[in-house]
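Asker: So you can see what is in the structure, the chains are spelled out below.
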Amino acid sequence: MKIRVDQDKCQGHARCYGLAPELFDIDDYGTSSVVGDGTVPPELEERALLAIANCPEYAIEEVD
Amino acid sequence: MAQTQPVSSWATDFDVLDREYVSSPFEIWDELRQKCPIAQTDRRGRNWLPTRYEDVTAIAHDIGHFSSLEVAVIPFEGEEPDEPVLPYGLPPISSDPPLHTWTRRLLLPWFSHRRVAGYEELTRNLCRRLIAGFADAGRADAAAGYAQQIPVRVIAHILGVPEDLSDTFTEWVRDVLEFADDAERRIHGMESLVNYFVAEVGRRKEEPGDDLISELLQVEMDGKPLEESIVMGAAALVLIAGIDTTWSAIGSSLWHLATHPDDRRRLIEDTEVWPLAIEELLRAYSPVTMARIVTKDVEFAGCPMKSGDRVLMNFPAANRDPEVFENADTVVIDRMHNRHVAFGSGIHRCAGSNLARMELRVALEEWLSAIPDFRLAEDAEVTWAGGQVRGPRQLPVVFP
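Which chain is which? The protein sequence lines are A and B, in order. Each residue of the first sequence is one higher than the one before, starting from 10 at the first, in this note's numbering. Each residue of the second sequence is one higher than the one before, starting from 32 at the first, in this note's numbering.
Only true hints are included.
Pairwise CB distance ranges, derived in the manner of DEER restraints:
{"#": "1", "chain 1": "B", "residue 1": "110", "chain 2": "A", "residue 2": "71", "range": "48 to 58 Å"}
{"#": "2", "chain 1": "B", "residue 1": "327", "chain 2": "A", "residue 2": "52", "range": "43 to 53 Å"}
{"#": "3", "chain 1": "B", "residue 1": "132", "chain 2": "A", "residue 2": "71", "range": "29 to 39 Å"}
{"#": "4", "chain 1": "B", "residue 1": "130", "chain 2": "A", "residue 2": "13", "range": "29 to 39 Å"}
{"#": "5", "chain 1": "A", "residue 1": "71", "chain 2": "B", "residue 2": "237", "range": "47 to 57 Å"}
{"#": "6", "chain 1": "A", "residue 1": "70", "chain 2": "B", "residue 2": "358", "range": "25 to 35 Å"}
Here are some, though not all, of the chain A residues that point toward chain B, as calculated from beta-carbon distances under 10 Å:
{"#": "7", "residue": "21"}
{"#": "8", "residue": "22"}
{"#": "9", "residue": "24"}
{"#": "10", "residue": "27"}
{"#": "11", "residue": "28"}
{"#": "12", "residue": "36"}
{"#": "13", "residue": "38"}
{"#": "14", "residue": "39"}
{"#": "15", "residue": "59"}
{"#": "16", "residue": "64"}
{"#": "17", "residue": "66"}
By construction, these hints were calculated from the structure, which means they are not laboratory data. For every residue, glycine included, the Cβ atom is placed at its ideal position computed from N, Cα and C.
Bound conformation, chain A alone (with noise of 0.2 Å):
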């Protein structure tokens, strides 16, 4: 599994690293970025999905 996240549609909420703070890193400005190339380990799956469901913004999505 791989994600992304839209720095366009961040606006800074957070939710993602408040549930999964392995996958996501933020910037000073609140804006979301994935650690690494944003590939998942297979036992972080289940909070990256929790991640996705949880932006307000839509703004992190599956890759492939």
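Dock chain B against the given chain A, drawing on the hints supplied.
Answerer: Structure of chain B alone, referenced to chain A:
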């Protein structure tokens, strides 16, 4: 809050200061969502009140038609001065791009999750000190004696202003937000705040510290320092927006836990549930409604909105929309799918959301650790404030 005229129809004559609405708006929203999802009223000017998630978030994102130049839910009915001290209001909340964009970037780093982690110990010690003051008494006012005391002191620390002025700050902010329909109190609150920050800015110019006000005074834009009215407006915003809102969320959450022992026990026994629980409490008891001003005539979801109309961004109702949330009117303490918009949606997402979330979590952790078992006192009344910010103002609880 003054008593209002009885509401003849919630669809066409709503009043967000109606006492029934303030203490329990949930059934009214449910009915509106089904029959007339965007209500209207001619009380205090022409206002619209969306209740569906889809409408509230669409309006929040349409900054071309819906401006943030006025965000007060209750319009100011006094006279505006010819030369206001704060010509830009309280940027970035009361501004549109481009002013919004760069003023917001100045504030955001102060509330980043890394910076907020640095305020946690201070918050925790403060909560412990407050609890120690009433733990032996077996009863407390969880709103006025606890929730209300926390955010104001953390904000005072960030602004570098004295903590012992907390009661005064709280009074001014309540005058501005909670008693907004009383023009005299509102003017008094706003003038007091503005005068205070005019003096503070003067003092920081002479003796800069490592606080937000001092740092903003050192910022240069295009080789020139910021206009002082921008610094004062932003500082006043941090105080106004950072106090009432979070204390209301803490108070509502404690009200919930006082009345729902199963959720209380779950939080005490299951630390894993906390991240979900905090978001669920924020969803179900979202305190904040902000306004937008219609910039040009537009038909939105069949509603003929006219330039100058006010739209009340009903984030609390959006968060209870059954189209988006299963069992929307029930607190599901481990709710997994929760795209709530308690902190707004779009470019005006609450700049202090990381701070608010930390304060709420720490306030509940410390309360439950010291007072795991508590309930509403039977001999005293719970009172609620509403309008811009909804939350309990008096929350008498007893504990063994």
